[in-house]
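For reference, the chains in residue letters:
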Amino acid sequence: MKPAAFTYVAASTLDQAVSLLAQHAPEGKPLAGGQSLIPMMNFRLAQPRYLIDLNRVSELMYVREVDAMVAIGAMTRQSEAQRSEVVSRLVPILSEALRWTGHAAIRHRGTVGGSLAHADPAAELPAVALALGAELVAQGPAGRRVIPAEEFFLGPLSTALGPDELLVEVRFPALPSGAGWAFLELSRRHGDFAIVGVAAVLALSGDGRVDQVSLALCGVGPTPVRAHRAEAAVLGVEPSEGVFREAGEIAAQEIDPDSDLHASAAYRRRVAAVLVRRALVEAHRRAREGR
Amino acid sequence: MADRHAINVTVNGVRYEATVESRLLLADFLRDQLGLVGTHLGCEHGVCGACTVILDGRTVRSCLVFAVQADGADIMTVEGLSRDGQLHPLQEAFRDKQGVQCGFCTPGMLLCAYEFLQEHPQPSEEAIREAIAGNLCRCTGYQFIVEAIQEAAARMAVASR
Numbered sequence: 035m036k037p038a039a040f041t042y043v044a045a046s047t048l049d050q051a052v053s054l055l056a057q058h059a060p061e062g063k064p065l066a067g068g069q070s071l072i073p074m075m076n077f078r079l080a081q082p083r084y085l086i087d088l089n090r091v092s093e094l095m096y097v098r099e100v101d102a103m104v105a106i107g108a109m110t111r112q113s114e115a116q117r118s119e120v121v122s123r124l125v126p127i128l129s130e131a132l133r134w135t136g137h138a139a140i141r142h143r144g145t146v147g148g149s150l151a152h153a154d155p156a157a158e159l160p161a162v163a164l165a166l167g168a169e170l171v172a173q174g175p176a177g178r179r180v181i182p183a184e185e186f187f188l189g190p191l192s193t194a195l196g197p198d199e200l201l202v203e204v205r206f207p208a209l210p211s212g213a214g215w216a217f218l219e220l221s222r223r224h225g226d227f228a229i230v231g232v233a234a235v236l237a238l239s240g241d242g243r244v245d246q247v248s249l250a251l252c253g254v255g256p257t258p259v260r261a262h263r264a265e266a267a268v269l270g271v272e273p274s275e276g277v278f279r280e281a282g283e284i285a286a287q288e289i290d291p292d293s294d295l296h297a298s299a300a301y302r303r304r305v306a307a308v309l310v311r312r313a314l315v316e317a318h319r320r321a322r323e324g325r
Numbered sequence: 006m007a008d009r010h011a012i013n014v015t016v017n018g019v020r021y022e023a024t025v026e027s028r029l030l031l032a033d034f035l036r037d038q039l040g041l042v043g044t045h046l047g048c049e050h051g052v053c054g055a056c057t058v059i060l061d062g063r064t065v066r067s068c069l070v071f072a073v074q075a076d077g078a079d080i081m082t083v084e085g086l087s088r089d090g091q092l093h094p095l096q097e098a099f100r101d102k103q104g105v106q107c108g109f110c111t112p113g114m115l116l117c118a119y120e121f122l123q124e125h126p127q128p129s130e131e132a133i134r135e136a137i138a139g140n141l142c143r144c145t146g147y148q149f150i151v152e153a154i155q156e157a158a159a160r161m162a163v164a165s166r
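Keeping their order, the protein sequence lines are chains A and B.
Residue 35 is where the first sequence starts when you use the working numbering, and the numbers rise one by one after that.
Residue 6 is where the second sequence starts when you use the working numbering, and the numbers rise one by one after that.
Read the hints as simulated data drawn from the structure, not as lab findings.
It should be emphasised that the depicted structure is a prediction, and the values quoted were computed from it without experimental measurement.
Mixed in with the good hints, there may be bad ones.
To be verified - With a straight-line cut-off of 25 angstroms between C-alpha atoms, the simulated DMTMM-like cross-links for lysine to aspartate or glutamate are:
1) Lys36/A - Asp37/B
2) Lys36/A - Asp226/A
3) Lys36/A - Glu135/B
4) Lys63/A - Glu26/B
5) Lys63/A - Asp76/B
Looking at chain A on its own, in the form it has when it is part of the complex (with noise of 0.2 angstroms):
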């Protein structure tokens, strides 16, 4: 299908974007990479009445490393994102995680912030974000402010910011150096949405034990989760297969996830037990060669 009629107007610079978007929202959108956005207008399931382009908005393309952490403006595209020699070193977890988020002519086009934005739960930004306590810089007529990753995410599609607020900037704190991480995912073909996605971070203590571990999944809720219980199982305990086998059944259990047409609730509890697990290994295989 096509989409409805609209009005466009370009923005070259963030004060304009954001003026435009205070003076029409809410009939009024913000448009990104619009790899999502787009779809949605083609299928008329979206009608903005207006749309802002943000697409010559370079001062929201960069990938800088500011004190411990990688600041990333909401307009870089996920390709330059994922080819990002700061990215890699400091976030290689995003890096990765990146390589699943859809395909390379879907990655030349869409952007971090607007995957972020955007909010679908079987996205895997949002869960990477999730899993690394990411901050959220939003820009409205009010100023700036900075939203918790833990804090953004609302519902499908739905996050904490407001109509007339801009996502401007991402921070991923750094991993702690010595930490182990590992982004695994189940998808129908390589680039699809998530069946099950997990990123997991683990870090070790002197004697050996989990000094740290956070784990985050995609495709099992109306947002991306935090498995909090899995992640309780896990630390201060010493690593075995037998105790990342038993954090994903945990993982399984505290997920509430839905079925669809892509795969069973019962299917998504089996399938994030075994990629929580092999996530957590795969993790502290990285945590001990870091050492």
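For chain A, the structure is supplied; the task is to place chain B on it using the hints.
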């Protein structure tokens, strides 16, 4: 009222000036206004990859870009692959290895493979399969397409020696 915009684009080396409605997709602009019907529209929501074109040097789905957004851009469509009546080695390999059946996915497959081979001139079969995962083919079962891309990579390596 639908608003209209004047745009300038270069497609396969030819400059065009046009006026487009905001909601006109780049794919429809290429097909209907420029008559470049090699770009195929399959799903119109970014899943099938048939409408892949190269926009400022990078593959994109032309059903997921509005024509107005391409103002000032340099675009290559499948029509731009051949030179002086000579097929591109990828096109020849698709023909020779029977990577084409009904032909609907072919323009997207070719441009996807074109970009991929520029970055990975000697790809493994697995890497090829990952690279074309975003392009659906309902005829070939992909095997002949993978073989065609391998063949093209080999021929292009010889040609560049």
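Checklist entry - Any hints this thing doesn't respect? Which numbers, in order? => result Violated hint (a single one): 3; every other hint is consistent with the structure.
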